[in-house]
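Peer 1: If you use the numbering used here, the sequence shown corresponds to residues 36 to 193, in order.
Read the hints as simulated data drawn from the structure, not as lab findings. All clues given are correct.
Derived lysine-lysine pairs resembling PhoX-like cross-links, with alpha carbons at most 25 Å apart:
no.	residue 1	residue 2
1	K190	K150
2	K137	K148
3	K137	K174
4	K148	K190
5	K184	K70
6	K190	K149
7	K46	K137
8	K88	K46
9	K137	K70
10	K58	K88
11	K60	K190
12	K60	K148
13	K88	K190
14	K46	K70
15	K74	K190
16	K86	K184
17	K88	K74
18	K174	K190
19	K88	K184
20	K187	K86
21	K187	K74
22	K60	K184
23	K137	K149
24	K174	K58
25	K74	K149
26	K174	K86
27	K158	K184
28	K174	K187
29	K190	K86
30	K184	K174
31	K148	K187
32	K187	K58
33	K148	K46
34	K149	K60
35	K158	K137
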Amino acid sequence: MTTVYDFTVDKTNGDQQSLADYKGKALIIVNTASKCGLKGQFQELQDLYEKYKDEGLEILGFPSSQFNNQEFEDIDQTTEFCQLNYGVSFPMFAKIDVNGAKEDPLFTHLKAKKKGLLASDIKWNFTKFLIDREGNVIKRYAPTTNPNKMEKDLKQVL
Numbered sequence: 036m037t038t039v040y041d042f043t044v045d046k047t048n049g050d051q052q053s054l055a056d057y058k059g060k061a062l063i064i065v066n067t068a069s070k071c072g073l074k075g076q077f078q079e080l081q082d083l084y085e086k087y088k089d090e091g092l093e094i095l096g097f098p099s100s101q102f103n104n105q106e107f108e109d110i111d112q113t114t115e116f117c118q119l120n121y122g123v124s125f126p127m128f129a130k131i132d133v134n135g136a137k138e139d140p141l142f143t144h145l146k147a148k149k150k151g152l153l154a155s156d157i158k159w160n161f162t163k164f165l166i167d168r169e170g171n172v173i174k175r176y177a178p179t180t181n182p183n184k185m186e187k188d189l190k191q192v193l
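Based on the provided sequences and hints, a complete structural model is requested.
Peer 2: This is the structure we're talking about:
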């Protein structure tokens, strides 16, 4: 059975990262956008990360410009924005597509495992997926779901 650990993603410097490096950790995987009206979720995600990282939480951010082009063109601008404005210290990866012909295979997998309310496509920035310590997709959260509302579910996988 395929898990998130079977995927490799691009880091911001162009190197590849195997998600198998996160085996045994609980994950929140989220598509982000620095210019989105929901960008305040960076702070809420960072707060969760700081609270639970010592218990085995990792948050993996994947910038995307697919929704109204709300991400910087330069990935360095993205990471700088996230660090300076929200203190983001969880890993951010290279900009990707989360839908369509060029969508990242990781997001194809995530969407297949947990469909959205009416369809499997990602509808907007800050769609969040909770992954258990075995790499299984446990739950999908809508873009408007405050990350703090994920805490109860998160505790169950930690």
